[in-house]
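Chemist: Just so you know, the protein sequences line up as chains A and B, in that order. First residue of the first sequence: 1, per the numbering used here; consecutive thereafter. First residue of the second sequence: 1001, per the numbering used here; consecutive thereafter.
All the given hints hold, so there is nothing to weed out.
The calculated lysine to any residue pairs, modelled on SDA-like cross-linking and capped at a C-alpha distance of 20 Å, are:
#1 K1101/B / R301/A
#2 K851/A / Q826/A
#3 K1101/B / T419/A
Since the hints were made in silico from the structure, they are not lab data. Note that the structure is predicted; figures quoted are calculated from it, not measured.
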Amino acid sequence: MIRLPALALLLLNAAVLGAAVDFDREIRPLLQERCVECHGPKKVKANLRLDAKARAFKGGESGPAIIAGQPEKSPLLQRLTTTDEDQKMPPKGAPLTAAQVAAVRSWIEAGAIWPENELERAASRDPRLDHWSVQPLRTEFGQAKSIDDFVAAKLKSAGLTLSPEADRRTLIRRLSFDLHGLPPEPERVERFVQDADPKAYEKLVDEMLASPRYGERWARHWLDIAHYADTHGFERDQLRPNAWRYRDYVIDSLNADKPYNLFIKEQIAGDILAPAAPPSVIATGFLAAGPWDFVGHVETRSDVLKRAARAGDLDDMVTQVMTSTMAITMNCARCHDHKLDPISQKEYYGLWAVFAGVKREDRTIDATEQNRYAADKNRLAKTLSDLNSQIAQLSGQGFELASLLPTESGIDYRTGKITKEKQGYHSGLPVNTLQKVDQVPGVLAIFVPDGKGTVMVAANTPVKGIPATNGHTWDAIANRPLNAQESTKLNGTDFKTKGHTILGMHANSGITFDLPKLRELSHQRTMRLTGLVGFGAGAAAANSRADFTVYVDAELKFQKLKMRKNETAALDIEIPDSAKTLTLVATDGGDGIGSDLLFIGDPKLQMSGAETKLTPADLKRLTALRAEAKLAEASLAKLTEPAKVYAAVPQATVAVIKINRRGNPEDTGAEAEPTAFAWAKHAPVAFGGNELPEGDRRLALAEWITHPENPLTRRVIVNRLWHHHFGQGIVATPSDFGLGGDRPSHPELLDWLAGEFQRNGWHLKPLHRLIVTSSTYRQSSRTTDTKATNLDSANRLLWRQNPRRLDAESLRDAVLATSGKLDLTQGGPGFKDFDYIEAYAPIYNYVSPDKPELWRRSIYRFIVRTTPHTFLTALDCPDPANLAPARMRTTTAIQALALSNNEFMLRQATHLAARVEKEGGNRSAAIRRAFALTFQREPLPTELQAAETLVAKDGLFALCRALLNANEFAYLD
Amino acid sequence: MDSPYSCNRRQRMVGRRDFLWELGGGLGGVALAAMLNEAQAATGPASRNGLHHAAKAKAVIQIFCPGGLSHVDTWDYKPELTKRQGKPFDTDGKVQFFASKPGNCQGSYWPFRQHGQSGRWMSDLFPQLAGKVDEMAFIHSMQSKSALHGPAMFMANSGFILPGFPSMGAWVTYGLGSESADLPAFVVLPDPRGLPPGGVINWGAGFLPAIHQGTTLNSDPLQPPLQDLFPAKEFSHLRGDAEKSSRDFLGALNRAHAETRGANSELEARIGAYELAARLQLSAPEATDLTGETEATKKLYRLDHADIGTFGRQCLLARRLVERGVRFVQIYCGAENTGAKKIRPNWDSHEDLVRDHGYWGPILDNGAAALLTDLKSRGLLDSTLVTCTSEFGRQPAAQGKGRDHNSGAFTAWMAGGGIKGGSAYGSTDDLGAKVAENPAYCYDLHATALHLLGVDHEKLTFYNNGAKRRLTDVHGHVIKPLLA
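So here's chain A without its partners, still in its complex pose (with noise of 0.2 Å):
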């Protein structure tokens, strides 16, 4: 024991007599004196602070400092004692009194009484905790009644007021633009402002908000938050030919009006919530709308790769759904604790275990449609394969041709030899060069087939037609299945059970038989080959494709091209008994080898012969069977998938997070349970442990955003409107309502706004409505006023509207209304101006604008990632990596050369100029057709004059594409 000095000893005494130490005498002033400067207010170090009871108890980075009753396990006093230089405290100044030291445990071991006082409990308090957007909303407003009460008290007490009202021009124009993102027509124009009808805005008002034009508008801007797009994006940039169908749900969820909780609840967990209803299975694309990286999680052979593949894939889904919902910025407590806003490391990886069990991929939508979709075609299946078999039985039972190489063994590329081992990918292996197989007799060789010109399957044997490969391949021609190979299920028969027999043949392989060896062997002389083809390997696989292609001698007898992963060829060739060799292909359908585990089921020759021995009567039966294989063969043929969507899926078995240290996946630390975070006080946030069902998690989440007294959902969304209508938010980030945020114009009539929207069921268009008949919302924006735009240039207190320039898809939609070649079809797969063609890295060449299929609204454009659209990028079209809560709004040079220039602008300026010469009659009535169109005016005197000049100079080509190109078309006052 060490030796104490005598008062200590008394002090020891006096605890163990249980004399408690009186803690504001002895320990408090010790903290202060000698711990506070490092672990207080100014430092925090290791996140410890010693200044406040709460702070103290709470512990710092390595847990809990003060352990009441148990001296020795509290680090508090452990760090005192150490004899370890680098751990003692304090590590400046004469270390503690052996006195001071004896306080500290015996305060301690009587149970660390620490009376708090009003200081501390100041000092505890987290000043983050009461940043605005997480307070509870406010529901007193005192005599405010409506927005112009807030904004005009606001505006009162600058000594401002709101500007007048806009004329009925400018209001129409301005109205349809927000709500259907389109020019109004002339005519409507018109009898608008000719309307005596004091209601006539509200009538206008409540006819645009029925207009399925309305939703097509607003779901750009959903859309734009959920970085959606009609690719996956990175290298292998490959199509989504199903995602449109989420993009639908949006427009249709917002025509309808669907009250907003259930929009998001059913985005986040719709295949939970209503698994029977097919929109709220559909509603998930919101989860997967984001880019994704094939190679990273699908082709590439290293696991680390793929965690830092899956890792981005969580990130992207965590922070779509917390910016776009709450605008709480949840990924910069991937690496640390968030340095702005109060959110742990802990409850950003507690968020991934919500999505933890969720991989983006393609999915059924009607469980009960695809239920009876696979009972079909089992049962088809099943009686094909009784079929076959029995057919089998009739003719003889075949001869195996897997059952040529030893069991469970492959053909090597590289040397032609039986190999046992399992192998990997094999790329710079000589293409179409003949690999001679001399262990294996009935085989004469293999080879890796690139498809150029010709190839020789055999010795003077050449043949053409094999599609082009990259050359690459897998393994080995085996008698098994193939290294990674997933599954070994065709059709409902699983080759790999007793009597059956599998060759696998990943892509690129060929073989080739020595068919009068097989002869020999099998005793047959009549042959034809069977067996059934198809793909080994996992969903993920889903849009992998493959070809399968089948010669005897030179003669092409059987190819099925770009088959895919759901999909089998039956195989069932006659071979002539002149017939000197069989060469089997498998191709990588021309987007790499990455999933093309093929194999064969069952590849027999079967001997045709051996019917000319059977029965008349067998003869018939034989027949009749074969006519119902094809029969059976033709039904599972027409067999339609039913539909699917590009959506979260839910996997079986739900991974376990653990946080990964510094965001590195490799290097990970306490395992994280599902869970919200603590900022938002609304409702519990520990979702349950990770026994909790996947499906449990989201649905919790789902939940917890949408609880009526979450201070964030509502706040959020009733912003995000009040930013497309006035062009700035009363919050000018509309997804950051965190520290680093904005902080609101207008704090009560945010709240106000968002108790007016929970008012009315959560639904947005009694929104819309309320703020785009509000005086604030019709003011004019041309009002010039010197005094507000000394005190306000920014128009944060708003008074006047903002005058603002049309996005890109607005204005191109603008431009083909105008010209009159707008196509207003509603929904479906999305429009395609581009030539797709598929390579390792797919290439989308964009073609000429100039056709009427390209012509629809810009919302029902196919959007490729790694190819964007030059023409709206250059208009400010984000890229859909990003979140794009707001449009960014630059004025280049290079918009300049597009409208100008680009030949989408042209043709429509001449499409433009043929309607308004024929609408118009006559040179002078078409320029005023050409501005009603365009700029929903009448031209003045001079411009009128100015115009008749160009166009007797010019044509009106050259007035429309003016017109056109004019900033009162892209800019709305």
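Keeping the supplied structure of chain A fixed, place chain B upon it in accordance with the hints.
Modeler: Relative to chain A, chain B alone:
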């Protein structure tokens, strides 16, 4: 500097100065300011002398070799690897590369020699660049956070493995603006064979204003240099007089419109943008017209050679652009992995390194060496930083006749403006598999380049969705040993 777009200003533009910023590109919106008769002298010096300290370089030419250039066959001399030729690389069989299990050790396919006064090693693949080692500074300890082309390309260009972040060129022009009144500040010359992996996102502006995105310049002499520079052929009557009366009409229309909307300087800026566009129609063809170059210059870049000449033309165009005040030029030496071609369209030599690097080597060698020679002879090398990088390196172990991806080690080099020639930083292990000393990432390369441009990488920030973003994320150190 702080972002010029402070929190409550960034979503719109109100005052005139903001606009100039937008239009001219960053702090150095001098060109446009002058055009609009706006005396904004305060921002002038920034572009010439750097933003935070005196600049050594005022322009950057970055050569990017996509696909993964093999450092062990080119810049990084590894005699031990050659010594272990044919011996197992991974003795316990646990290592898994991007696409393959490691094969045996494979020494450089080209012999290395020492060159210049500095005695730096370089392989025989680059005989001309070997003569330039005393101008070059090597970072042998580069690493990437991804061994996949897409993410690694994004990282090398933007510091992030995800798409959507501003590229280095975008950050530079955001910080420094343009010195040219008539040309974009950030120009990209893709390989004529096609775009690199990840496409145009590699020179995107991310969340920065779109004016900062790289403008793609077509180096094909038969095509117009910029997209939509002129109307398509069918509209060729829209030149000369017809174009002028249209423009005058549009100008009058816009001015009358703006007069009744006095408080909106956006409108004025847009009128300016149309005038600048008209000037681009003259300046862009002038900048890309090589007929005025001397025969000696054409020969230097070997413009007559079918393969070497296309890259030579890109390099020559880069020099002409920098001469005309373009701030940042990025040249791609290689395209995307498309289909199956005899020779890889980039440096991604999985199956036959001798074939593919053997093809690309002389292309890079001649173009880059010619560029250094040309810049120097014109006195431009001192003020122009030339960098050359790839998204990652290749493995010292064989993958058949090729090599697999290696994000654990590669080499980048710099030359020109403010760089100490003949220097080197960092090293790899004996085999060149992993970094051994002074690990570096693109952050450090970016920080160093920004430093030479007079920009402190920690102060060049832009607020986006909850964070003040930087090119160097939360990383990056200026590599002082390489500075002159």
